[in-house]
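Position chain B against the provided structure of chain A, taking the given hints into account.
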Amino acid sequence: MYERGWRRFGVLALFLGPSVIGLLIFTIGPMLASLGLSFTNWDLLTPPKFVGGGNYQQLMSDKEFWHTLKNTLKFLVGYVPLVITIGLLIAVLLNSKIPFKQGFRVMYFVPVVTSWVAVALVWKWLFNPVYGLINNGLGLLGLTGPAWLFDPNWAMPAIILTSVWKDTGFIMVILLAGLQGIPREYYEAASIDGANRPQSLWAITLPLLTPSLIFCLSISLIGSFQVFDQVYVMTEGGPAGATMTMVERIVAHAFSYSKMGYASAWSWVLFVMIFAVTYFFYRLNKARA
Amino acid sequence: MKRRKFPWRIGVLTVIALAGGLAMVTPFVWAIATSLKPSGALLSLPPQLVPSEPTVAAYTRVLTRFPFLRVFGNSLLVAATTTLGQLVVCSMAGYAFARFNFRGRDALFAVYLATLMVPFAVIITPLFILVTKMGWANSYAGLIVPGMFSAFGTFFMRQFFLSIPRELEEAATIDGAGTFATFLRVVLPMTGPAVATLTVLSFMGSWNNFLWPLLIINDRNLMTLPVALSALQGLYPGQTQWNVVMAGTVLATIPTILVFLVAQRWVIEGVAGSGVKG
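Protein chains in written order, with numbering that gives the first Met the number 0: chain A, 0 to 288; chain B, 0 to 277.
Looking at chain A on its own, in the form it has when it is part of the complex (with noise of 0.2 angstroms):
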């Protein structure tokens, strides 16, 4: 930029301006508003009234929010390593000689494209315990399903399965790019040096992939505090509560029952949450650099 004095100001005003500008109104401000309505009580129709750290308190007595941490840890201990383990043999699977690897990645991609409300329908009738695909196949193998998304034990695993069949490939096309990164060279060296596949795999391939990796591990992390749309369509939070979600929770608590200030309150717990975990991994990536 060489513009000087007010044509100086004129061009950062032009490139800036509308960015600065609509990141202000749509994104901070709000943000600063929720974190202000989080000490208030508001239904939206009398004043909102301050209630200093009520809200938090309130929370951190509320069952339905810790029942709803529990939901949130159980996708995530099935989710996370699941998505990861099965993107991960993909990957490697498609990084091998075999044919046809270009139809195979796009048949495992459809699903990271299509939209969530679409997938969450289709597994929402894939899943019907008597007319169902699912059911009906396990039947062929004299097997009896349950009764999945109506059953408080089998709801949150189905939503767990869906989202794994949803997520593999976005995590495998990242994987790939990874194993695909790693010069050739350093195979051919460590085979000359008789190094062994196990042995190469565990020397070049899992350290040089380890960065992709942690990206993988936040991603999925991050997501899976944030579960919203296949709870919303498969089971909206049901069956007793088998699969109420943080996202879900707050959405239900703003939009259903009129509680702003609560709403707010639960949402800036959630972002501390996902503050911790994404600490965690920039200095996880920083100790390693």
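Just so you know, these hints were derived from the structure itself, not from any lab.
You may find that some hints are simply not true.
[Claimed, not checked] Okay, the calculated bits of chain A under chain B, using three or more residues with CB under 8 angstroms as the criterion:
#	region
1	11-24
2	55-62
3	216-230
4	237-249
5	270-283
Just so we're clear, the structure is a prediction, and the values are computed from it rather than from any experiment.
Here a beta-carbon is modelled for each residue, glycine too, at the ideal position from N, C-alpha and C.
For chain B alone, coordinates are given in the frame of chain A:
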């Protein structure tokens, strides 16, 4: 010895890849099969993967009982304008962060990075109230404008501009071109790959966005596809008509898949690239 071992290994791997591929494809086949069944056949056991009496009745029902084509147009309009807006806003702001020297630049950029971490759930309540107060509930503006100012897009474009050499811009400036003219004629023509990636990510994000349109729209004529699909479940009171729901799902998904097949290189590279940089 080695030669005989090789095809055997590849064969096993191919079979595994095929089994996995089958698991990915079956739900789509099931959706198409269901959409072609008459309502009576939905409740017959065992369910057929190939309908014995295929019919397009469910498709005519979804198209007549629901403004589906209109909804489709809405999604297209919203995704296209949001993407275009993001490209303009983000490339200019990204350029400013990459090339301009001004006081507070790094602090401002840190604020941009910080907003990347904020979950949408945090801003959703005040954003909803704000947009409603602006009179944008149930309007295209309410669907489009809040999505145009992406901190991620700005970050992404900044990284790209930092990676291209300055020499051409400097030459243009020596020839007397102003900053904006240089940006327009010299810089923008070089942004092809970055713009392609951001277009793909932004369009996909907007096209599949669910929570925000769900809250801000309740007029059927302004719904986007995900919201309309979700509403199809309750189209017939009492019981969900799965052939109709699946017909809508298939109609909504086919264009997505077609676009993906045509643009798969950019889509996959875009997603992979977002990982490498992140």
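Broken hints, by number
2
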